[in-house]
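S.K.: Below, each chain spelled out in residue letters.
There are 4 protein chains.
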Amino acid sequence: MGRKIRLGILGGGGDSLIGVLHRVASTMFDKYELVGGVFNPKWEDNIGFANELGIPTDRIYKDFDALVEEESKLPVDERMQVVSILTPNFLHFPMAKKLLENGFNVICEKPMTTTYEEAKILKETLQLAKTVFAVTYTYTGYPMVRQMREMIKNGDIGRVQKIDSQYYQGWINPIIHDKEKRSTTWRLDPEKSGISCCIGDIGTHAFDMIEYVSGHRVESILADLNYLYSDNKMDIDGTILVRCENQVKGVIRASQIATGEENNFTVQIYGDKAGLKWQQENPNYLYLLEDGQPLRVLKPGHSYNSEISLDGTKLPPGHPEGIFDSMGNIYKGVAKAINNEPYDHGEFPTIIDGARGVDFIEKAVESHQKGNVWVELDK
Amino acid sequence: MGRKIRLGILGGGGDSLIGVLHRVASTMFDKYELVGGVFNPKWEDNIGFANELGIPTDRIYKDFDALVEEESKLPVDERMQVVSILTPNFLHFPMAKKLLENGFNVICEKPMTTTYEEAKILKETLQLAKTVFAVTYTYTGYPMVRQMREMIKNGDIGRVQKIDSQYYQGWINPIIHDKEKRSTTWRLDPEKSGISCCIGDIGTHAFDMIEYVSGHRVESILADLNYLYSDNKMDIDGTILVRCENQVKGVIRASQIATGEENNFTVQIYGDKAGLKWQQENPNYLYLLEDGQPLRVLKPGHSYNSEISLDGTKLPPGHPEGIFDSMGNIYKGVAKAINNEPYDHGEFPTIIDGARGVDFIEKAVESHQKGNVWVELDK
Amino acid sequence: MGRKIRLGILGGGGDSLIGVLHRVASTMFDKYELVGGVFNPKWEDNIGFANELGIPTDRIYKDFDALVEEESKLPVDERMQVVSILTPNFLHFPMAKKLLENGFNVICEKPMTTTYEEAKILKETLQLAKTVFAVTYTYTGYPMVRQMREMIKNGDIGRVQKIDSQYYQGWINPIIHDKEKRSTTWRLDPEKSGISCCIGDIGTHAFDMIEYVSGHRVESILADLNYLYSDNKMDIDGTILVRCENQVKGVIRASQIATGEENNFTVQIYGDKAGLKWQQENPNYLYLLEDGQPLRVLKPGHSYNSEISLDGTKLPPGHPEGIFDSMGNIYKGVAKAINNEPYDHGEFPTIIDGARGVDFIEKAVESHQKGNVWVELDK
Amino acid sequence: MGRKIRLGILGGGGDSLIGVLHRVASTMFDKYELVGGVFNPKWEDNIGFANELGIPTDRIYKDFDALVEEESKLPVDERMQVVSILTPNFLHFPMAKKLLENGFNVICEKPMTTTYEEAKILKETLQLAKTVFAVTYTYTGYPMVRQMREMIKNGDIGRVQKIDSQYYQGWINPIIHDKEKRSTTWRLDPEKSGISCCIGDIGTHAFDMIEYVSGHRVESILADLNYLYSDNKMDIDGTILVRCENQVKGVIRASQIATGEENNFTVQIYGDKAGLKWQQENPNYLYLLEDGQPLRVLKPGHSYNSEISLDGTKLPPGHPEGIFDSMGNIYKGVAKAINNEPYDHGEFPTIIDGARGVDFIEKAVESHQKGNVWVELDK
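Chains S, B, A and G supply the protein sequences, listed in that same order. Each number in this note's numbering corresponds to the 1-based position in the first sequence with 831 added. Each number in this note's numbering corresponds to the 1-based position in the second sequence with 831 added. Each number in this note's numbering corresponds to the 1-based position in the third sequence with 831 added. Each number in this note's numbering corresponds to the 1-based position in the fourth sequence with 831 added.
If we strip away everything but chain S, and leave its shape as in the complex, we get (with noise of 0.2 Å):
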């Protein structure tokens, strides 16, 4: 035995929904097993959720600073080799900070930080601890996002020249118009939550996808923002005009009074030979649009497929996998960067992606605030 990566996990505890997508993810390659963690900030419903996921309490810790110390004092082959955050997101950077210092390997949820300037702290860190740090943009996982940024890679739409994403969601629409509720949500209020809500929590998803299959990066951007009531402080909905390098123009979209939508997440990028788009909704279908050719529709397990998309697709054809999968290729390929096997830059999103999707979310809100100008991006 022995093979398995001893894994911890922070956060995630009672009837956490990202709590269920890490513990099923890490389980569906046989690559991780779960020995520990902080579940939960009191301690009877840590242990009591370790009861009911069926492990051994010994490694449940009273807080964060036990495990750390606890677990540094294991034999290095006992010790947790990963910890994966998925606390609140204030919580990511002290967390993230201290496991890097003891040299523990990361998994940390989005956004990465709440601030800019955390995460360039944290990348020079990082730079010091040499461990594996991944940030889990899930959707990035998908067998056929992973297809669209390889044909990208390929030149299969040959040179890009417009990038379109839209994230749009319903579900702050019925929180939204309470002046009660508005004031209360913790995802407004800005001590909580940050500088932004929409931009933060989903316009960096699409931040971070357009980069990835597009393979170029925003450079600068201007943002309209929405906050539809005066006394709401956060951010409900955006527009976001983009500039990548080459040249290339594009547009973000993210909102959450897109009333009824659920979790529409989309990605087109055309280039001047053909044409790419995904929807999240349906992920198994990447479509191919090319001049005076039919509409292609391209699905996972094909052996027309990259090979990065195949490793990442379990059944055949016609055996719809879902976000599950898509979160369970990222820690497979985080697996395989603890284990030093080989693996592609694309199977996991890195510390750079996180630090950029927290510049975005700032500079989002910058060029909002100062009247919808362009501001430019970190290198």
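No false leads were mixed into what you were given.
Put simply, identical chains are the same to the list, so a pair is met inside one copy or across any two.
Calculated pairs, DSS-like style, for lysine-lysine (alpha carbon to alpha carbon, straight line, at most 30 Å):
| no. | residue 1 | residue 2 |
| --- | --- | --- |
| 1 | Lys928 | Lys1210 |
| 2 | Lys835 | Lys1167 |
| 3 | Lys929 | Lys835 |
| 4 | Lys1201 | Lys1012 |
| 5 | Lys1167 | Lys873 |
| 6 | Lys929 | Lys954 |
| 7 | Lys893 | Lys835 |
| 8 | Lys1104 | Lys1023 |
| 9 | Lys1104 | Lys1012 |
Hint data in this document are derived by calculation from the structure and do not stem from the laboratory.
Using the hints provided, position chains B, A and G relative to the given structure of chain S.
M.R.: Quick look at chains B, A and G alone, frame taken from chain S:
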């Protein structure tokens, strides 16, 4: 007999696509009789085309001026009642003006004029003429577009809070990357096509559509256009931030370099109760998104649709009608107006819609040229 | 002038849907001029309807016999060249027969006759008459149906090995469960509607479609029909096992109790190289399935389509045409035949297709009544 | 700890797909712990695979008999509680029988046995054993399949009046046309695969599905199978007419020569009030068709779904789950039964469903061989 409206057509000869569209549309409800016109500049082509259509050649004229002169001499009950202008854009204004001055009803292709100045003059001309004037924003004739408008008007989605329209095509892609082609295509020649290519041709449809369905006037815009090459004089892509009355924000995205896209025109309007979405390439589906409810897909011909939607559907559900039928509905509305029958304001776009569309084009270019700043539209 | 084909119409008056369909279809390519007919049994309705259409009333006749008599007296170059029969089914045969005997070209709605015996007599009549005879299986006019036929003919899917067609509607559901209604609806009265309701009305379309696109004749069938109630005299649902030439097996499924279905007519043909699928409610998509290849979606108007498909598309890709355009293509084909222009056998269904459809209906009922046994179709 | 159910697995080693599916499914709800099994016939592969999975090898046995013997010696609270049988079909029966006789709970892949005779013996064995027995008709675990069942049970579509299920694949196409391949593939060898290939493998899923969702037992069937070549001994396609209780008629269509199809499994049930449709390849959409109402599309995770559907959805709407999650739900149901928690009969298929499926296969072949006659299923 004598019941049909006597129709003349300017342009649309040879294998003109817009010509087929208008002719078929005019016959669909047995309301019009094509009695003559000027189909082609060359006399032989003109006559030849009339013969091809199988219509008498006695009212085929050598040019526009002859048509006005000769038709005006005919008794009122023989004279053309309405003339459709399908000629190149720069001819719309002089032809429409003269026709109005001579008491004809007019159906005019979009863009109505090449400058907003002309559009305002035309509005004044019409005020004196008191005839019927329609601009053929074809897509507003689709039954499910009309249904969308009615539902929003009736409050079915609540207060409008977000607007998004996309009009993506890829047809200019093979032209734009060829220096020779892009310098010789008339669509990219400001002398022939006015100040805008992409926004002028399709962005304006998106603009009209959002005003049509949402019932909200656009008040100001911020445009980022794309010319791709420095020697290219016309925009071939653009994203336009939009602010409407009642503080509603939105975005219009138009492109002719969305490679592989055919005529991918969509509109999404979200209110505080629900959202509505429609796509031109599958025009018989209207999507109603409501929190906590199953997605509902409305289709033409069902009794749950509004009167104006049903009026534009000829066959029972499941028998797909298309773009000819959409234009046919606009002609049907115009026929009602000419025949002094009651009709709904939504049955055909008017000179006001036409003028607003031209103002939008000019302001989009202005916003872009000034460095992506907000510019107000005329009220 | 005189270039247009002089068309007469029998039936289709008032708010008849089939009437609109044929009239609009006839005008779409500027090939026909409606010169008269008998639209309604009652003289006032007949004349009233002609006025509504805005056509001269001098060739509106009091009844069918008068039409034949009077038109026959006219000089050849004034006489109706073709007459469309849109009357109730039982009138198709006597009208078609007399028209053929008097030298008229005929366009006949389906089912062509109410018995196969009549169909055979009609075939003999046509052999003497040597005029053009078309049966309007409307759906074979869709460009992508024609493309499907061409691709199969060209071997694009290899040797045909499986056939499946579905024609599901739900319209009879509110009638069939009401004892009063089901005993009084003419569609369920054998005296008025022949021996079959569902198979006669829509099953026959599916039968014609599979022969049209696959190029394979059906040789024998085994039918299990459904009447739902013992006092109901007509089938309202049925599944029919099918055996075609070259040992190809298949199935036709037709229903009028598929509650909520509108006009869900589909055809799927699989060969040993690939498969092709088409759905009437989204008629502008043809799906090509090939092992190990991305799904390809062909659409009308692209140069990759065959000549006969492109001939039936009036506008560029992305401008959806519909069922009127489909029927328009059939009328266009008939016009070519009447004008002695070259045309493809696939441009309109002939008397052979019409007769086979009637044989199919009779044999389906026979198979069912004999206890679901195999019955051979006439060759 | 000790809360997790101790699971053993037979088969599923190496790169077995069914192995991955069961293992991932078992972990999804933290209910099972894989403690051992026999993954491969060869000892080295068996142990190697256990190491790959990172599980202790002390309970990896050399063969099935050793597993039963050794596990039976363990104290009750250490012994495997349930064993999943993923071996080739002909081993299902002897393994299941012995496991039951020794008091184990069993999860068995389909088809449960290779003959109905065996199935009946197994039922008797289970009656004595009184343990839990589940057959993994995987697709019944999808939340929207469960929702479909609940809605029909609740009368949402009224009285069921028509049933249609399709299971089309194309995978055998490249094999069947090659004389060499078709004579050597084990799936086409009756010695190894029982009496049916297509009906046995996928037709049986369709059969189980219609009984599951409609709540109607199939009473008799008439099958027309297809072998394509006279030297081919196993059906690779078939259409089966179906008669259910309450005189409901239907049809099951299954094929492995539907070239290009992946796993196109659909079910459509129509009642006298509405219809419901579901497709396996897009499993998160359930279509509700009601006369005169917009089409409604139900999706997982919404509160409008039934309890059993919601119980099988881990994430909020818009986060697509797939086939692993479907199987996970079946394992979750089995866990409830093993833990003596309350559960719904629809949470996992039982031995009755398994036995019916085997009876169906045998009767389909019998019907075909007797010349496509009606054959009754056992009650």
